[in-house]
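Can you join these two chains into the complex? Each is in its own frame, and there are hints to help.
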Amino acid sequence: MAVGKKKISAPAYVKGHGIEAEDIKEGKVTHVEDHTDIRYQFTAGQAISKFLNGLKEGKILATKCNKCRRVMVPPRMFCELCYRPIDEWVELEDTGTVETFSISYIDPDARPLDEPEIVAVISIDGASPKMGILHKLGEIEPDSVYIGMKVKAVWKPPEEREGMITDILYWKPIEG
Amino acid sequence: MFERVRGLKFHKKQDVAIVGAGITLFRRRMNETGKELSYYAVKQALEEAGLEIQDIDMVVMGSAPDAFDGIHMKGEYLLDGAGGSNRPYMRVFVGGGTGVFAPIAGYWHVASGLADVCLVITEEKMSSSHPHPQSAFKYIWDPILDRPLNPNLIWIFALEMRRYMHENNIKHEDIALVSVKNKGNALDHPAAQVAEKITVEDVLNSEPMALPVRRLDVSPPSDGASALIMVAPHIARQLTDEPVWVDGVGWSLDTTWWTNRDLYFPRYVAEAARMAYKMAHITDPRKEIDVAEPYDPFDYKELHHMEGLGLAKKGEAPILTREGVTARDGDLPVCPSGGLLGVGNPIAATMGVKVAELYWQLAYRAGKRQVAKEVTTGVTQAWGDLMQVGTVMVLSNKR
Ligand SMILES: [Zn+2]
Chain A
1 MAVGKKKISA PAYVKGHGIE AEDIKEGKVT HVEDHTDIRY QFTAGQAISK FLNGLKEGKI
61 LATKCNKCRR VMVPPRMFCE LCYRPIDEWV ELEDTGTVET FSISYIDPDA RPLDEPEIVA
121 VISIDGASPK MGILHKLGEI EPDSVYIGMK VKAVWKPPEE REGMITDILY WKPIEG
Chain B
1 MFERVRGLKF HKKQDVAIVG AGITLFRRRM NETGKELSYY AVKQALEEAG LEIQDIDMVV
61 MGSAPDAFDG IHMKGEYLLD GAGGSNRPYM RVFVGGGTGV FAPIAGYWHV ASGLADVCLV
121 ITEEKMSSSH PHPQSAFKYI WDPILDRPLN PNLIWIFALE MRRYMHENNI KHEDIALVSV
181 KNKGNALDHP AAQVAEKITV EDVLNSEPMA LPVRRLDVSP PSDGASALIM VAPHIARQLT
241 DEPVWVDGVG WSLDTTWWTN RDLYFPRYVA EAARMAYKMA HITDPRKEID VAEPYDPFDY
301 KELHHMEGLG LAKKGEAPIL TREGVTARDG DLPVCPSGGL LGVGNPIAAT MGVKVAELYW
361 QLAYRAGKRQ VAKEVTTGVT QAWGDLMQVG TVMVLSNKR
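Which chain is which? The protein sequence lines are A and B, in order.
Per our numbering: the first sequence = residues 1 to 176.
Per our numbering: the second sequence = residues 1 to 399.
Next comes chain B alone, as it looks inside the complex (with noise of 0.2 Å):
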């Protein structure tokens, strides 16, 4: 075996950058269709980017599981209110990954040269599923192996987090303040579903759901939906003065055995950034990166996501976090958005507090929530499916 970095065969034909985004709000349950929410979400980023939806070449739909509209085939339900109607559409869908895996889909449509505008567009209504969102993550267990054991989705959360917090000594009130600068970022986000100022004690006081992970450690089920434009250079230079370049990309699924592996240590996100990083000339992610929004559905896995995406070294982020590094106004802020604590988690639309956030952020443009150093590049990045994909991506306003 030698050693290499894979999907780095690709040539780009030309680069790519975002000019406009949307956001919804995000809620538990929200009075539109996943259509209408779309919509809302599109004609905000058309908005920003000063397009009409005729200017667009292409769109690419990013939706998580159906089983959460009872619809099968959502990407083709979602169509009309996606802006796809007659023209090249396509849906991508890796869980909670597609949240980055859709524009990097948007990102080789542009980069290929196949579009010179495309649409990424990501939703989720979870609340139509009850009792609870969690029903329909019944079904993703294997059926034979697993499910006769009456899991819960929490169960894996908090496999992997009792065997990071093992394997690094690391303790739960470390972890605790992961949710708790989170949701008090959120205070700043318009679109933000639990937005609090707590404290450690009250994430250690939280109901327990499967321990160690409590209430307060998990980001709620939202409904909401977000849109991004992502165009050739030619398109940007007419639009506007800050367009944001799209610098790397990767991807990488670990094995659908997940008892098999050492649950401390994301390998997954690892191997996306190392081909994200690659592309985009980052060979020391914790100097070169000035703003990060890794994935952080619980408080642990922001923790675990910045130590595989190369910004701490192993068990190193609870100390980074605990010392203010990981602050708003901090060395390097991250989850500046609030993330998925403190906005919420509509599964695919948390596109929008991860690119899109990191893309506001680069353009200067996040309002209350800008950080406090300046930035020229920022990392995000998304995991999911059976807690085996991880999606990166790499953003940049210079060029």
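So here's chain A without its partners, still in its complex pose (with noise of 0.2 Å):
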């Protein structure tokens, strides 16, 4: 190794040319464009399928650990704390707790939306608890929503129930 004994004075210094989104724009950049364009299809697995189906007709299904005594949702097949198999099935109530929640403005692509929605964390009544989910709020306004508020499940016409988290539309304030 070619090194001697070095006494350093100061920090490196940085290096680099910061460009604007125009120069990209108005090509005074070189550069290439590209869209990816992959497909796929994710399989639910077995808890999730059956947590789906559970969805289709109404219900939420959680599942239960014996040894730590967990009520799980959303559901899985195995207990990841005592990392062995669940025990049973339990269907849960469509009520629950707000635990923590946001008033967004934003979409997936960090666009501007014409209405701000609100998500939250909603623990589910019959779950351990914390055991929530995200979801989203709906038939109330912004500036009325707290933590803690007990909210229910308002549900697309069984007819139209696919199978997926969206058959619940959102989870709209329970009265008093």
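Mixed in with the good hints, there may be bad ones.
What the hints assert, rightly or not - Straight-line alpha carbon distances no greater than 25 Å define the calculated BS3-like cross-link-like pairs of lysine-lysine that follow:
{"no.": "1", "chain 1": "A", "residue 1": "Lys152", "chain 2": "A", "residue 2": "Lys50"}
{"no.": "2", "chain 1": "B", "residue 1": "Lys13", "chain 2": "A", "residue 2": "Lys136"}
{"no.": "3", "chain 1": "A", "residue 1": "Lys152", "chain 2": "A", "residue 2": "Lys25"}
{"no.": "4", "chain 1": "A", "residue 1": "Lys25", "chain 2": "A", "residue 2": "Lys136"}
{"no.": "5", "chain 1": "A", "residue 1": "Lys64", "chain 2": "A", "residue 2": "Lys50"}
{"no.": "6", "chain 1": "A", "residue 1": "Lys59", "chain 2": "A", "residue 2": "Lys130"}
{"no.": "7", "chain 1": "A", "residue 1": "Lys130", "chain 2": "B", "residue 2": "Lys171"}
{"no.": "8", "chain 1": "B", "residue 1": "Lys13", "chain 2": "B", "residue 2": "Lys43"}
{"no.": "9", "chain 1": "B", "residue 1": "Lys278", "chain 2": "B", "residue 2": "Lys13"}
{"no.": "10", "chain 1": "A", "residue 1": "Lys136", "chain 2": "A", "residue 2": "Lys172"}
{"no.": "11", "chain 1": "B", "residue 1": "Lys313", "chain 2": "A", "residue 2": "Lys130"}
{"no.": "12", "chain 1": "B", "residue 1": "Lys171", "chain 2": "B", "residue 2": "Lys138"}
{"no.": "13", "chain 1": "B", "residue 1": "Lys43", "chain 2": "A", "residue 2": "Lys15"}
{"no.": "14", "chain 1": "B", "residue 1": "Lys197", "chain 2": "B", "residue 2": "Lys368"}
{"no.": "15", "chain 1": "B", "residue 1": "Lys35", "chain 2": "A", "residue 2": "Lys15"}
{"no.": "16", "chain 1": "A", "residue 1": "Lys136", "chain 2": "A", "residue 2": "Lys28"}
{"no.": "17", "chain 1": "A", "residue 1": "Lys136", "chain 2": "A", "residue 2": "Lys152"}
{"no.": "18", "chain 1": "A", "residue 1": "Lys28", "chain 2": "A", "residue 2": "Lys152"}
{"no.": "19", "chain 1": "A", "residue 1": "Lys15", "chain 2": "B", "residue 2": "Lys368"}
{"no.": "20", "chain 1": "B", "residue 1": "Lys35", "chain 2": "A", "residue 2": "Lys28"}
{"no.": "21", "chain 1": "A", "residue 1": "Lys25", "chain 2": "B", "residue 2": "Lys35"}
{"no.": "22", "chain 1": "A", "residue 1": "Lys152", "chain 2": "A", "residue 2": "Lys172"}
{"no.": "23", "chain 1": "A", "residue 1": "Lys150", "chain 2": "B", "residue 2": "Lys171"}
{"no.": "24", "chain 1": "A", "residue 1": "Lys152", "chain 2": "A", "residue 2": "Lys130"}
{"no.": "25", "chain 1": "A", "residue 1": "Lys130", "chain 2": "B", "residue 2": "Lys197"}
{"no.": "26", "chain 1": "B", "residue 1": "Lys368", "chain 2": "B", "residue 2": "Lys12"}
{"no.": "27", "chain 1": "A", "residue 1": "Lys15", "chain 2": "A", "residue 2": "Lys152"}
{"no.": "28", "chain 1": "A", "residue 1": "Lys50", "chain 2": "A", "residue 2": "Lys15"}
{"no.": "29", "chain 1": "B", "residue 1": "Lys171", "chain 2": "B", "residue 2": "Lys278"}
{"no.": "30", "chain 1": "B", "residue 1": "Lys313", "chain 2": "B", "residue 2": "Lys287"}
Claimed, not checked - One-sided excerpt, in silico: chain B residues whose CB lies under 8 Å from chain A:
{"no.": "31", "residue": "Gly70"}
{"no.": "32", "residue": "Leu253"}
{"no.": "33", "residue": "Asp254"}
{"no.": "34", "residue": "Thr255"}
{"no.": "35", "residue": "Trp257"}
{"no.": "36", "residue": "Gly310"}
The set of hints was computed from the structure by calculation and includes no laboratory data.
Note that beta-carbon positions come from the ideal geometry of N, C-alpha and C, so glycine has one too.
Structure, rendered in structure tokens:
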């Protein structure tokens, strides 16, 4: 190794050329454009298939581990903490509690939305504490939402359900 | 169950020193490829260390999702710019946690005795993907349970921030102070993308993204690269009088079922910190840590992570921030670099404002960014994947 004892006096400097989006649009910077096109068919798996089929029937299904006594939703075939198979399936209420929420003004591409939407983590009644799912809230003004609010699922009509998380349209506040 | 800290069966063969670092300009768009950016950062780190590429035994590359670059297996693509040709080379990747996980991988290469000189290079070019890098983040969500709801990446952070504010009774004003501090600190960083003097009001009045998150609560997407040279003690002694030592490393992942956790506390960071502190023989981090570079892609995240790192009690980080304790001239300077909020957020390349910054601070070579107090020990940390990984590193300048 070609080294000697070295006294370093200054931190490394900075290099690189920043450009603006306009520079690319106006063709000032050499670049190419490509559009990736890959399609996927995802397997829902053992546990989530049963969960999705439950949604089609208007039911929220969970699994239970008798060792740690957790009732888990979304359901899974094994308890990841005890690392053993689950013991049974249970049906939960279609009511729950808002654990946290956000008023979103942007879409998945970070483009502005015309109307903001309310997204929330909702813990489901009958599951272990904090066992929540991601979903949306409706029939409520953004200003009125609070953590701890009790909510109930609003389902699609049975004939329109497809066995998807969107078979629940949104969750609305329970009166009183 | 018995109480123990995981991951400490490992007995190191030799100590590990950092003797050089490099960082490129951070920008939303750069006129260089990822390979070219990597080359710049590596060259600077080699120059600072006084080494040539031929002196490098092994190379660790850290880079986050392939979807940004539109090149699958980009570790292979980046190899030549990363100085990885014809030597043992590996890529590590734990999302945003990569910025500290890549140097952890460099650490174990050297500590185990497999390598005496290891180059760690991290790169990210987020701007290739459009209309916005966010579009690439659509594909980190569960395809069956989450994606049909058309999620935006900001959602999970907004949900976590709200829960943190609720549980600890914290106002947005208290959180905005982090953005004000870090963007201000970044004015002294030559690589910075969004260094500016702003006020709490500016943050509170900025464009709503996913409330409570507003535009100025968020770090910007960036392109950039950074590099570190990690060496065995006998090499360090030949190279410099001011090596900085790795005292402890730790990493941990919480469950993928993120909606099944209480989001007010980052348990993955606390677990990782327990491992790193045990290794570094730190029992009271608030007293023993002189300077910290926790991961701050969002302003509340700096506070969240300070609490996960044990630098503040639960709910106490905003108070320390308000009282000026975390300012560059405070008792516990936090993100003196300017952090991701001020310097920019090229995911894995943030190693340059986390581990490299701590190295420069502890070597007293941070220039205008040098903290006011005397420093011997610092902690840095990164966070990523689906809100679940914590990576922690403790550095010091004493032996
Ligand atoms: Zn269990």
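Status of each hint after checking the structure:
Of the supplied pair hints, the one linking Lys152(A) and Lys50(A) holds, its CA atoms being roughly 21 Å apart against a limit of 25 Å. In summary, the hint linking Lys13(B) to Lys136(A) is not supported, as the alpha carbons are separated by about 53 Å, beyond the 25 Å threshold. A C-alpha spacing of about 48 Å is found between Lys152(A) and Lys25(A), which places the hinted pair above 25 Å, so the restraint is violated. Between Lys25(A) and Lys136(A) the alpha-carbon distance is near 37 Å, which puts this suggested pair outside the 25 Å criterion.
Only pairs whose Cα atoms come within 25 Å are accepted, and Lys64(A) paired with Lys50(A) is accepted, the gap being roughly 14 Å. For the suggested pair Lys59(A) and Lys130(A), the alpha carbons sit about 19 Å apart, so the restraint of at most 25 Å is met. Annotation: proposed proximity of Lys130(A) to Lys171(B) holds, straight-line Cα distance about 23 Å (limit 25 Å). Simply put, Lys13(B) and Lys43(B) have alpha-carbon atoms about 28 Å apart, too far for the 25 Å limit, and the pair is violated.
As the CA atoms of Lys278(B) and Lys13(B) are separated by approximately 17 Å, the hinted pair is consistent with the 25 Å bound. Of the supplied pair hints, the one linking Lys136(A) and Lys172(A) holds, its CA atoms being roughly 9 Å apart against a limit of 25 Å. Using a Cα cut-off of 25 Å, the hinted pair Lys313(B) and Lys130(A) holds, with the two alpha carbons roughly 22 Å apart. Proximity of Lys171(B) to Lys138(B) is assessed by CA-CA distance (about 30 Å); at most 25 Å being required, the pair is judged violated.
A hinted pair counts as satisfied when its Cα atoms are at most 25 Å apart, and Lys43(B) with Lys15(A) qualifies at roughly 10 Å. For the hint pairing Lys197(B) with Lys368(B), the CA-to-CA distance comes to about 16 Å; that is within 25 Å, so the pair holds. Between Lys35(B) and Lys15(A), the direct Cα distance comes to roughly 13 Å. Compliance with the 25 Å bound is thereby established for this hinted pair. The hinted pair formed by Lys136(A) and Lys28(A) fails the criterion: a straight-line CA distance of about 44 Å is larger than 25 Å.
At most 25 Å may separate the alpha-carbon atoms for a hinted pair to count; Lys136(A) and Lys152(A) meet this at roughly 11 Å. For a cut-off of 25 Å, the pair hint linking Lys28(A) to Lys152(A) is broken: about 55 Å separates their Cα positions. At most 25 Å may separate the alpha-carbon atoms for a hinted pair to count; Lys15(A) and Lys368(B) meet this at roughly 18 Å. Distance hint between Lys35(B) and Lys28(A) is fulfilled; the C-alpha atoms sit about 21 Å from each other, no more than 25 Å.
For the proposed pair Lys25(A) and Lys35(B), the alpha carbon gap of about 23 Å is at most 25 Å, so the pair holds. Between Lys152(A) and Lys172(A) the alpha-carbon distance is near 5 Å, which keeps this suggested pair within the 25 Å criterion. Only pairs whose Cα atoms come within 25 Å are accepted, and Lys150(A) paired with Lys171(B) is accepted, the gap being roughly 24 Å. Between Lys152(A) and Lys130(A), the direct Cα distance comes to roughly 16 Å. Compliance with the 25 Å bound is thereby established for this hinted pair.
The straight-line distance between the Cα atoms of Lys130(A) and Lys197(B) is roughly 40 Å, outside the 25 Å bound, and the hint therefore fails. Distance check on the hinted pair: Lys368(B) and Lys12(B) sit about 36 Å apart at the alpha-carbon level, beyond 25 Å; violated. This hinted pair does not check out: Lys15(A) and Lys152(A) have alpha carbons roughly 55 Å apart, beyond 25 Å. Restraint check: the Cα-Cα separation between Lys50(A) and Lys15(A) comes to about 55 Å, which exceeds 25 Å; the hinted pair is violated.
Between the alpha carbons of Lys171(B) and Lys278(B) the distance comes to roughly 34 Å, so the proposed pair goes past 25 Å and is violated. At roughly 13 Å between alpha-carbon atoms, Lys313(B) and Lys287(B) fall within 25 Å of each other, so this suggested pair holds. Proximity of Gly70(B) to chain A holds as hinted, the smallest CB-CB distance being about 6 Å (cut-off 8 Å). Interface hint at Leu253(B): violated, since its Cβ lies 11 Å from the closest Cβ of chain A, which is beyond the 8 Å cut-off.
Below 8 Å, beta-carbon pairs count as interface contacts, and Asp254(B) has none with chain A, the closest being about 11 Å; its hint is therefore violated. Below 8 Å, beta-carbon pairs count as interface contacts, and Thr255(B) has one with chain A at about 6 Å; its hint therefore holds. Interface restraint check for Trp257(B): the shortest CB-CB distance to chain A comes to about 7 Å, inside 8 Å, so the restraint holds. Evaluation of the Gly310(B) hint against chain A yields a violated restraint, the C-beta minimum of about 23 Å exceeding 8 Å.
The structure does not agree with the numbered hints 2, 3, 4, 8, 12, 16, 18, 25, 26, 27, 28, 29, 32, 33, 36 stated previously, though it agrees with the rest.
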